[in-house]
Amino acid sequence: MSLLSRKLSAEVDANRGPGTLSVADGPHQITLKLIAASPVGVSFDVLDFVATDKPHWSADALKAWGDRLTARLTYLMEPLVVLEIDAVGGEVELRSQSPSVRDTLRTYYEMHLRREGTLQLRRVAFDTATRQRFVVTCHLTREALDRLADDLVASVA
Amino acid sequence: MRKIERDQNRFKQIVRGKIKSDLRKYITHGEMIGKTGGELVSIPLPQIQIPEFRYGQKNSGGVGQGPGDVGTPIARSGEGDEPGMAGDAPGQHLLEVELTLDELAAILGEGLALPRIQPKGRANIIEEKDKYTGIRQTGPESLRHFKRTYKKALKRQIASNTYNRSDPMVIPVREDKLYRSWNPIALPHSNAVLIYLMDVSGSMTDDQKEIVRIEAFWIDTWLRSQYDGVTTRYIVHDAVAREVDQHTFYHTRESGGTRISSAYNLANKMIDADHPPIDWNVYVLHFSDGDNWGEDNRQCISLLRDQILPKSNLFGYGQVESPYGSGEFYRELEEAFEDVPNVALSEIRNKDGIYDSIKEFLGKGR
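Here the protein sequences line up with chains A and B, keeping their order. Sequential numbering from 48 applies to the first sequence in my numbering. Sequential numbering from 3 applies to the second sequence in my numbering.
Keep in mind the hints are simulated off the structure, nothing from the lab. Note that the Cβ used here is the ideal one computed from N, Cα and C, for glycine as well. Accuracy of the hints is not assured; some may be wrong.
To be verified - With the Cβ distance kept under 8 angstroms, some of the chain B side facing chain A (calculated, not the full set):
1. ALA107
2. GLY111
3. SER203
4. GLY204
5. SER205
6. VAL242
7. GLY258
8. GLY259
9. THR260
10. ARG261
11. TRP295
12. ASN299
13. TYR326
14. GLY327
15. SER328
Let the hints inform the model, and build the full structure from the sequences given.
Here it is in structure tokens:
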């Protein structure tokens with residue numbers, strides 16, 4: 048367990064939400080827009096991760112980062128795939144391989160990696176009835192959140 | 003008109019009616035697109051059953067005869083044989099009829115009640131064609147007018163009293179010979195250019211490209227029936243755009259991000275360089291899942307408003323739905339160009355949506 052995930056766990060214990068909490072360990076920083084937390088799980092809107100020790104990522108490096116993440120993050124609701132690589136804008140987009148379908152909602156993870164070494168994870172839903180897309184709350188067990196923090200650190204190492 | 007011609011026309015009407023009544027099915031299934039051979043399209047039709055008398059076996063009784071009294075029900079529900087096994091006999095064969103693309107376009111136009119397109123402005127290229135309209139006294143032997151030459155020779159022989167009725171021989175001399183001559187005639191020729199743009203970024207799946215392929219086939223068919231000459235050009239884009247051939251257009255897949263403005267820029271350059279709107283009817287048709295990146299939407303709208311729309315008869319945008327839903331680009335265009343007459347927007351959720359989408363694109367009669 049990395050120091051970052053331990054700090055994050057302690058911070059979540061201290062702040063049960065709602066609110067924004069941020070923890071850092073050396074060059075790595077995680078910011079969570081927390082909705083609610085309990086001893087079992089957490090709900091959040093957006094998770095941001097920054098690796099400040101590598102300020103400029105090339106398109107190939109971003110793609111490789113994306114590939115490492117898809118290989119590691121196998122415990123989320125759906126496996127992720129690298130969907131689009133924008134070499135011009137210096138951005139890589141990952142999404143759930145197949146969205147989960149429930150009633151009129153299709154929900155999936157969306158992760159953006161940017162050349163500044165930032166990562167943003169959120170969960171998006173598309174309502175086939177209203178034809179609207181919107182961000183929904185992401186629910187993870189505490190164990191999965193700790194593991195996610197560890198894997199984010201490991202993926203940039 | 004001979005009877006066989008009447009029968010043939012009647013058969014054609016039946017076929018047209020059958021295709022028209024099932025037009026949605028034919029449009030939705032892309033099967034006929036692969037069957038275009040030259041100018042003909044084969045369409046599989048269920049067999050048309052013609053009523054006929056069938057004779058029973060001799061001495062086996064007539065109509066209404068058999069066991070039972072008058073009024074006895076023939077069968078009750080629940081009685082009778084058990085459901086049978088799968089048959090081993092060959093199934094019913096489909097009749098394939100061949101139609102020209104113009105006939106198919108006419109059926110499409112009737113089926114969707116499409117207005118005919120009025121080519122805009124001058125939009126005409128003057129094409130010269132030679133037509134045999136006159137007669138000259140000199141020319142090559144291959145163009146000699148046989149009838150006029152012999153008439154003139156006959157007149158000369160009668161006038162000079164050398165024509166013998168009992169021996170009616172007409173021999174043309176050099177002065178009698180007349181030849182066909184031609185004049186160049188300028189014909190107005192309406193030309194159109196169709197520029198197809200497709201998003202081939204990682205989020206566009208093969209199913210979505212199939213929808214684009216089917217829709218483009220029908221739009222092509224209709225526009226070709228409306229203009230003398232149609233030039234088709236293809237642009238694919240992810241974050242960058244490039245011109246490709248038709249096969250690449252439908253089969254390529256890239257993993258890049260989506261920057262729609264790159265395609266609009268290239269289309270605009272193409273129009274300026276090769277298809278000035280004063281001579282061409284310009285159609286720009288774009289298909290995407292609408293997941294455009296970053297601040298690109300604003301640039302797209304300004305490119306459309308300032309460059310492409312003033313030069314185009316019609317700009318059509320079809321947003322095909324991906325497994326991740328439908329992107330925001332459609333709504334951006336809807337807000338920006340709600341009342342603009344030469345903009346047609348269409349959301350295509352699946353193959354069944356193609357029919358209505360074609361109508362949305364072509365229903366403006368532009």
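Outcome of the hint check:
Annotation: B:ALA107 was flagged as interfacial toward chain A, and the flag is violated, the nearest CB pair being 32 angstroms apart, outside 8 angstroms. For B:GLY111, the suggested interface contact is broken, since its CB lies about 30 angstroms from the closest CB of chain A, more than 8 angstroms. A cut of 8 angstroms between beta carbons decides the hint on B:SER203: the least distance to chain A is about 5 angstroms, and the hint holds. Checking B:GLY204 against chain A by beta carbon gives a least distance of about 4 angstroms; that is within 8 angstroms, so the hint holds.
Satisfaction of the interface hint for B:SER205 is found here, the shortest Cβ-Cβ separation to chain A being roughly 6 angstroms, below the 8 angstroms cut-off. The restraint placing B:VAL242 at the interface with chain A holds, with a minimum CB-CB distance near 7 angstroms, inside the 8 angstroms limit. Because the closest C-beta pair between B:GLY258 and chain A is about 6 angstroms apart, less than 8 angstroms, the hint holds. The beta carbon of B:GLY259 comes within 3 angstroms of a beta carbon in chain A, closer than 8 angstroms, and the hint placing it at the interface holds.
For the restraint placing B:THR260 at the interface with chain A, the shortest Cβ-Cβ distance is roughly 7 angstroms, inside the 8 angstroms limit, so the hint holds. A distance limit of 8 angstroms between C-beta atoms decides the matter here; for B:ARG261 the minimum to chain A is near 7 angstroms, and the interface restraint holds. Contact between B:TRP295 and chain A, as hinted, is supported at the beta carbon level, the nearest pair being about 6 angstroms apart and thus within 8 angstroms. Of the supplied interface hints, the one on B:ASN299 is violated, with its beta-carbon coming no nearer than about 14 angstroms to a beta-carbon of chain A, more than 8 angstroms.
At a threshold of 8 angstroms, the smallest CB-CB gap from B:TYR326 to chain A is about 6 angstroms, leaving the interface hint in force. A cut of 8 angstroms between beta carbons decides the hint on B:GLY327: the least distance to chain A is about 3 angstroms, and the hint holds. Hint status for B:SER328 relative to chain A: holds, with the closest Cβ pair at about 6 angstroms, below 8 angstroms.
Violated hints for the displayed structure, listed by number in ascending order: 1, 2, 12.
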